[in-house]
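Novice: Residue-level listing of the chains:
There are 2 protein chains.
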Amino acid sequence: MQIDIITIFPEYFESPLKVGLLGKALQKGLLEINLVNLRDFCQDKHRVVDDEPFGGGEGMVLKPEPLYRAITFLKQKSESPWVVYLSPQGEVLNQKIAEELSQKQHLILICGRYEGIDERIKETLVNQEVSIGDYVVFGGEVASLVLIECIARLIPGVVGKKDSVEKESFSSGLLKYPCYTRPRDFMGLKVPEVLLSGNHMAIEVYRRQKSLELTLKKRPHLLRQTQLSQEDLKFLANLLKKQRVYLFLLHYPVYNKRKEVITSAIANIDLHDLGRLGRTYGLKGIYIVQPLEDQRELAQELLDFWLKGGGAKYNPLRKEALKLVKIFPTFEEALDAVHRQEGEKPLLIGTDASPKKPPIPIETLQKFLWETPIVIVLGTAWGLTEEFLAKCDYFLEPIWGRLDPYNHLSVRSAASIIIDRLLGLYSFYKKSYKRKD
Amino acid sequence: MQIDIITIFPEYFESPLKVGLLGKALQKGLLEINLVNLRDFCQDKHRVVDDEPFGGGEGMVLKPEPLYRAITFLKQKSESPWVVYLSPQGEVLNQKIAEELSQKQHLILICGRYEGIDERIKETLVNQEVSIGDYVVFGGEVASLVLIECIARLIPGVVGKKDSVEKESFSSGLLKYPCYTRPRDFMGLKVPEVLLSGNHMAIEVYRRQKSLELTLKKRPHLLRQTQLSQEDLKFLANLLKKQRVYLFLLHYPVYNKRKEVITSAIANIDLHDLGRLGRTYGLKGIYIVQPLEDQRELAQELLDFWLKGGGAKYNPLRKEALKLVKIFPTFEEALDAVHRQEGEKPLLIGTDASPKKPPIPIETLQKFLWETPIVIVLGTAWGLTEEFLAKCDYFLEPIWGRLDPYNHLSVRSAASIIIDRLLGLYSFYKKSYKRKD
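First to last, the sequence lines map onto chains A and B. Position 421 of the first sequence, counted from 1, bears residue number 421 in the working numbering, the numbering being contiguous throughout. Position 394 of the second sequence, counted from 1, bears residue number 394 in the working numbering, the numbering being contiguous throughout.
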C-alpha cells in the first residue's frame, strides 16, 4: 500500500513515522508513505498556499490551484487512487472504515489547516471526507497520523501475531478485558485468581465475560455489530438484570384539560400495551395507580382473564406480559412495593410534556441504571400535577415535536419511546436468535 | 498549564510539538509539555517496562511498578494533578471533555502500548480514561497528541483571534460552513454570489444556514446540544420537510394466530395514536388499509367527528393529528396516493418481528430520508404476510427483546419506537420553545 500525504507541514511527520511498529513497517516496506509539500505545487515565487476567505472573517483558506495540481499529479501514480480529506465535516472514523481503507492500494490524504480547503476541491477531487471525532484539532496532520496508524495495523505483517490484532479493543467488536502482569501482589492488590489457575478454558471465559461487561457498560452500541453466542447473550441478559426499571401509570393526581386535578379512568389497552412493552424490554413492573375501587376491580378482572382465565390459554404470550402489571390504590403504596422488592429506595423520574426545569439527559439516566432501581412515572389525561412532579428526583426530557412544537403523543407512544431511548441500546437478542413459532 | 506525558517513546513527540500554532504556543510558554520516559522509572539494569500477561496470550503488558513510580513522582509537582490514561476503554473525547480538561492546571497523560497497562494502576492512580474514538491505534502517543491539540487550542492566546476558535466546527456546536477563496471562477466552478456581495448580514445568514444544514445532514446529534434561535429552528424545520415519511397500517393481508391470511378490524385507538405520533414527528401521512367497506365507513365516521364534528371544537390538537389519517380500500391505492402526492415512487419498507432476510440498518435508512419518499408498512394482527413482505424494498430491524427473545409489542408501541429511532434524532424544538398552555 502506498499513502501520499499532502500537507504544508511535512516536517510534522518526521518523528512519529520512525517509532515503534509503524516505523518498522515502513523500514520493511510493508507500506510506503510519501510526504508531499503542498508548497511545491505553487507557481508563484513566494509559494503562497492560502488566501483570505470570500465573504470575510478571520483565518485563511487553502487555495484551490496548488491542491488541484498536487492531487492530479499524485493520482497519476496509480490506477486506483483514493483521495481522503481529513476534516471535521467527514464521517467519523471507526474500525469498519479503517478496514475498508486498508484494502485500498493507493491513498492520497489531504491535511487541512487554518479554516480548511476551498470547497470546490472537495466537490471535484475528494472521494471521502473522514473525521477522527467530534472535537477540533489544529489541522489534518494529527488526523492523518491517527488514520495511518489505524490502517497500518491492519496490513498483514505489521503487527507480529494475528492474535494480537484480533484481541484488541474494537477488532473483535468488543472492548478489551483488563490485563495484569507481575507481581501477583502489587501493594496489596492481587491478580484475579483465575488468571493464575492455568485453566485455559476458564481464562478464556473470564476474559470474554470481562470484555462483554466493559463493552455493555461503556460502549453498548458496539454490541449491536458484534457476533454474540448464546452464552454471550445469556451472560449479558444476566448483567442487564441489574438494571431495575419500573413504569408507573398514574390516574391520580393528574390534570384535566382545564388544569383541574382529577382521577382519570383506566384504559384497558394501556394495561396490554405497557405490559407487552415491559416484558419486551425486561422491565420489573408496570404499576397502575387508581384510587377508585370499582375501576381497580374492573382492571383486576381483566388481568385475571389473561392470567388465569380463558385468555391465559388463548394467548400465553399475553399472559407473560400482563404478569408484570399490578394495580395500586395510591402512588405511595406502589412506591413502597418497589422499595420492598428492591431493598432500596428507587430514583423517581417524572415525565412532563412542558417541564419548567431542565430535564436529565437520557445518557445520565443510563449511567444511573447500573446503580439504583428507577421508577419512571407517566400521567394519564393532561399529565401529572405540578405538586406531584415537585416530588420527583428528576424529569425526563419531553419528546419534542420535529417541525414545530406540537408534542401530543398518547401515553402508550410516550412510554414506548421513553423506554426504547433508555433501554433500546441494550437489546442484543437479534444476532443469534430465530423465533420458532 | 502543565502537561506531563508518560511514554516509552518520548522521541515520538519530537517533530509534532515543533510545528504550527502548537509549536509557537510552547515556545511562548502558553503551555508547558514535559516528556517523561517511563524507562527512567525502572529500577532494573535493563530498564524493562513490560512483562507477560497473567493468563497467557500474545503481547505484553506495561508493568505496574515503573508506572506507579512515575505517576506518584509527577503528582508531587503540583497541588491538583489530574491523571488521564489514553485508552480505547475510556469515554470518547468530545469538545465538552476537551473544554473540561483545558481548565486543569496540571495534566499527567499516560500513553499505553502493547496490550495496555496493568489494571491495578488504572484502579488506583488514574482519574479519567479517555479514548479518541472507536478505532485502534498503535498506542497512546497519537491519542495524546490529539488530546493536546484539542486542549491547546482552547488556551487563551494560542489561536490568534478568538473568532477563529469559535467559528470552527464543534466549537459553536455546529459543523463549519464551506469556505472559498480566490479565484472567483476555478475551472468553471464559481464562488456563491452571496459571498461576493459585501452584504455582511446576508453572508452571516448564508454561513449559519450552511452550518445548520451540514450538521443536520451529517451529525444531527450535535444539534441536540446547540443553542438554536427561532430562525434556526424555522430553517431546520424547512429542511426536514424534505424528509417525506408515510406510515401505512395494513388490516389486509395479515396473518392470524394460525398463519392464515385474514382481514383484521380497525381499532379506533390506532387512528388516534398513530395520528398523534405522525403529527408530532412531522410524518406526511398515516394511511390505513382496510378492504371491508363497513369498517372503512365506521372509521371515517370517527375521523369526521374529530375533523368536522364536536371533537374538532373540543380538542383542536386532536383534529390536527387526525388530519393526517386517511383510509384506503387497498394497499395499491394507498401507495398510488403517495406516488401522486410526491411525484415519485416511494421506497417501501416492511416490518416483521421475525424476518428471514437481513434488515436494513436504521442509519442507512436515515441516509435515504434525504433522497426519496419512504413508506413504512406495519401489519396488524400477527403481522404482514410473507407474500406482501417480498414486495418491499427493505425490512426494518425488528425491535428485539432485551433479556430474552420475547418481542411482542403492540402495533402502537412498535410504530412509536420505529418512528423515533428513524426521526427522533432530528427533533430540536426543545431549545427555545416553551409551551404556553
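Keep in mind that the hints are not guaranteed to be accurate.
Which copy is meant is left open, so a pair is good if it fits within one copy or across any two.
The calculated DSS-like cross-link candidates involving lysine-lysine, where the alpha carbons are at most 27 Å apart (straight line), are [as the list claims (entries may be wrong)]:
| # | residue 1 | residue 2 |
| --- | --- | --- |
| 1 | K345 | K357 |
| 2 | K104 | K24 |
| 3 | K391 | K96 |
| 4 | K217 | K190 |
| 5 | K190 | K257 |
| 6 | K218 | K96 |
| 7 | K210 | K234 |
| 8 | K391 | K259 |
| 9 | K242 | K345 |
Hints listed in this document are in silico derivations from the structure and should not be mistaken for laboratory results.
Novice: Give a verdict on every hint.
Specialist: Hint-by-hint comparison with the structure:
1. K345 <-> K357: Within one copy, since 23 Å is at most 27 Å while 45 Å is not.
2. K104 <-> K24: within (21 Å within a copy, 36 Å between copies)
3. K391 <-> K96: neither (46 Å within a copy, 31 Å between copies)
4. K217 <-> K190: Only inside one copy: K217 and K190 sit 23 Å apart there, 50 Å across copies, limit 27 Å.
5. K190 <-> K257: Answer is neither: 63 Å inside a copy and 57 Å across each miss the 27 Å cutoff.
6. K218 <-> K96: both (19 Å within a copy, 18 Å between copies)
7. K210 <-> K234: Answer is within: at 14 Å inside a copy they meet the 27 Å cutoff, but 47 Å across does not.
8. K391 <-> K259: Answer is within; shortest intra-copy Cα gap is 19 Å, inter-copy 49 Å.
9. K242 <-> K345: within (15 Å within a copy, 47 Å between copies)
Violated hints, in rising order: 3 and 5; the structure is consistent with all others.
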